[in-house]
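Novice: For chain A, the structure is supplied; the task is to place chain B on it using the hints.
Those protein sequence lines, which keep their order, are chains A and B. For what it's worth, the working numbering labels the leading residue of the first sequence as 1, then goes sequentially. For what it's worth, the working numbering labels the leading residue of the second sequence as 1001, then goes sequentially.
Read the hints as simulated data drawn from the structure, not as lab findings. For every residue, glycine included, the Cβ atom is placed at its ideal position computed from N, Cα and C. Incorrect hints may have been included.
[Unchecked claim] Rough simulated footprint, nothing fancy, chain B against chain A, three-plus residues with beta-carbon under 8 Å:
1) 60–73
2) 86–97
3) 280–294
[To be verified] Simulated DEER-style distance windows between Cβ atoms:
4) Pro1449(B) - Asp12(A): 22 to 30 Å
5) Val1341(B) - Asp12(A): 43 to 51 Å
6) Glu114(A) - Ser1448(B): 55 to 63 Å
7) Pro25(A) - Pro1272(B): 53 to 61 Å
8) Gly134(A) - Leu1534(B): 48 to 56 Å
9) Arg6(A) - Trp1450(B): 32 to 40 Å
10) Asp163(A) - Trp1450(B): 17 to 25 Å
11) Leu1010(B) - Val68(A): 18 to 26 Å
12) Leu1458(B) - Asp163(A): 30 to 38 Å
13) Arg209(A) - Asp1435(B): 26 to 34 Å
14) Arg1363(B) - Ala19(A): 16 to 24 Å
15) Asp12(A) - Gly1522(B): 51 to 59 Å
16) Arg180(A) - Pro1272(B): 47 to 55 Å
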Amino acid sequence: MLELDRVSVSYDGVPAVTAASLRLPEAQVLAVLGPSGCGKSTLLRAVAGLEPLAGGRVLVDGADLAGVPTHRRGCALMFQDGQLFGHLTVAGNVGYALRLRRTPARDVARRVDELLALVDLAGYAERLPGTLSGGERQRVALARALAVDPRVLLLDEPLSALDATLREHLAGELRRILRRAGTTAVLVTHDHEEAFAVADRMAVMRSGRVVQEGPIGEVWQHPADAETALFLGYARVLRGPAAAVVARAAGLAATPALAVRRSSLVVSPVGRLPGVVESARATPEQVRLVVRLEEVGEVDAVAPTGAHAAPGDVVHLTVDPHRLAALPES
Amino acid sequence: MTRRLAALALLAAVPLAVLGVFFVLPVSGMLAQGLWVDGHVDLRGVLEVLARPRVHRVVWFTVWSAAAGTLCALLLGLPAAYTLYRLSFPGARLLRAAMLVPFVLPTVVVGVAFRQLLGRGGPLGPLGLDGTPVAIIAALAFFNVAVVVRAVGTAWESLDPRPAEAAAALGATPAQVLWTVTLPALRPALVAAASVVFLFCATAFGVVLTLGGLRYATVETEIYLLTTNLLDLQAAAVLSLVQLGVVVGLLLVGQRLRSVPDPTQHRVVARPRRPRRGDVPALVATGLLLVLVGAPLLTLVTGSLHREGAWGLGNYTALGRPDAAGTTATGALVTSLRTAVDATWMALACGLLVAAVATRRSRSRTERRVRSTLDGLFMLPLGVSAVTLGFGFLITLDHPPLDLRESPLLVPVAQALVALPLVVRTLTPVLGGIDDRQRQAAASLGASPWRVLVTVDLPVLWKPLLAAAGFALAVSLGEFGATSFLVREDRPTLPVAIYRLLGHPGTTNYGTALAASVLLAGTTVVVMLAVERLRVPSVGAM
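So here's chain A without its partners, still in its complex pose:
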């Protein structure tokens, strides 16, 4: 159980994190999501003991970590670019923390083999980090961090240095590995897809403050405000009469503001919202449209692949109520 109680951090008197409070139960993964510069990495570094707190407390299993140096916290930290020790082999890197604890060599070797198998790198033990690809290096870094069963695993944008396909693949891997190892982990990222793929809980940060925190589905369904909604991948936020029209079409109660995903408006013959296609772009999965609706204005919509929707055509849209989020105020 990791608890952050009104944690504040500042650099040279400039606050980087302000009164952040979070709770993370055992064996769960928390994604801290936010734009760059929002203080999410600083928060992570504060948990690791790398930044002094200007206020508040960090507790693990109820014990305050104030004054505990980084190396005694049991919080393994994994960096964006791995930071493997270049002069040590893969096995040397993975077994590093075990050797620090004077684990017998045979046990180290066994555990290293286990971990390398866990991250799908069996047979890489004698390679040097310089000879690995970016994805392999990150998996070694992950194995190294997992070696001592850290009380909390801290992941600082672990996948952002990788290319898109690899990132998607490794995000799934990461979830599987963390789940199987039963690790309590905090993942910092600016990519909501990555957060969805890996985490159980989510905290959204903005300008040094935690603006929303909860189970990932709940945060996704009920963003705290318009900015959060846009950051979570909602395409647009409709306000006033536009929000009312779309909410009514979805069978929802009227709301001052409504966050709409791209896929919540679908072209369908039975659709109740008529509009004119402004632009259309085919993707492998679907056709992405921008449609001008009466009383609403421009919205994003999708049509099944093969559907004929060219700019200027009149189409009808249905609304998927599960892909909308009512926002408290405009």
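Specialist: Using the frame of chain A, we list chain B on its own:
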């Protein structure tokens, strides 16, 4: 935060105390001797010294000879930097190492070698250059061309070749590429090398003293003559101040120029290529430089094998023969080595602390400023005449609680101070280049601060540390300025012994001096070649 600052202060305290006691105290003591007369600042005396025609002559000679030496070193060094760092041919690495030799040669040896080359009876004797400014400038250039080759060469090696290729594709001739693309890109390295070389030329001591004698004095030798021969401490102090001011100014300019590297330039080490027809001028110039550098050394060696009109090892067997004071050259070599080893560990211990303190990540602006000031502070010994330092030692460390006159550590401490800036300059970039997140990664995996040091810092640091040790050893072995004041009459170091031998009349003494010079040069060269094998880029790249 205050705890961090306290820890910082504690770590910095040792080197600061060393600097305070063994640098600030002696130097200010020396300056006070001249400026502080009867309890008040004697400004009129200062002005009187500054108005002396001889002082004008000395300052003017220092400036123009240093400028000429710098220019020669640059012109000779540039083609060699290109050839040795950008072209690949058999023996390139050996030549690179050989090019470093003149720089680590003890100044006294360089002086002796040039006298042997240019003096009466020398191969170039008929030119009549002995005792002229030309000899001094040639020796200064000889001495410093290594700095240019090294500093500019490493920059050239890591220069992105693509802009030059782009210019060539746009129709620029090789000469135009050099003039419009390559040299502008090298400008920071050129300026840095030039300012360091100027500094070394302007404060050269041993070379000028052996070649210029009384007629052609620079500020540095003039300080020596004023203190030892004329006992005019006031004039010496004033000249020291002038020198200190100029040198600190130069260092600051150099720092400024170094601290704004072009962020758009990447460090790419281009693969050296085989020489082409267009490289012939550069190859010829490099060959010429090799001849120029080799000639004094060669005449030194042949001269040492010549005694009383016959070839033989007589000069070398004479090394073991005691002189009037009962000292031998071989004994002096042993003294030199012992002293240099002591100086080396002192400089290393102190330099390591300074580098560690200066490069740790700062958490606040105050901390950052404290660290960079500290870093700069330890460059100061570079700017103060070794003669001033040596004489300062004599007059300030001679009474309790700091009576070190009889201490065997007096000479090593002085040499360590001379070597300290070089050690700091070698280690700081290495420590600063370690990504702090490596240390954080280790700490987060459970490594204690001590283990972090062993895991992250040591693997990167041990080679530079060895290299710095070798560099400090070579510098201490050749140190002459401060040592000549402090060394005990009956236990001279080898450079001092050589200078004494030169002072005694007679060709046998001169022959012995040549042999001793070869011995000293050989020792430093062996040390330096061992360092070069470690391939640490920051060594010698001030």
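Novice: What are the numbers of the hints the structure violates, in ascending order?
Specialist: 3, 6, 8, 10
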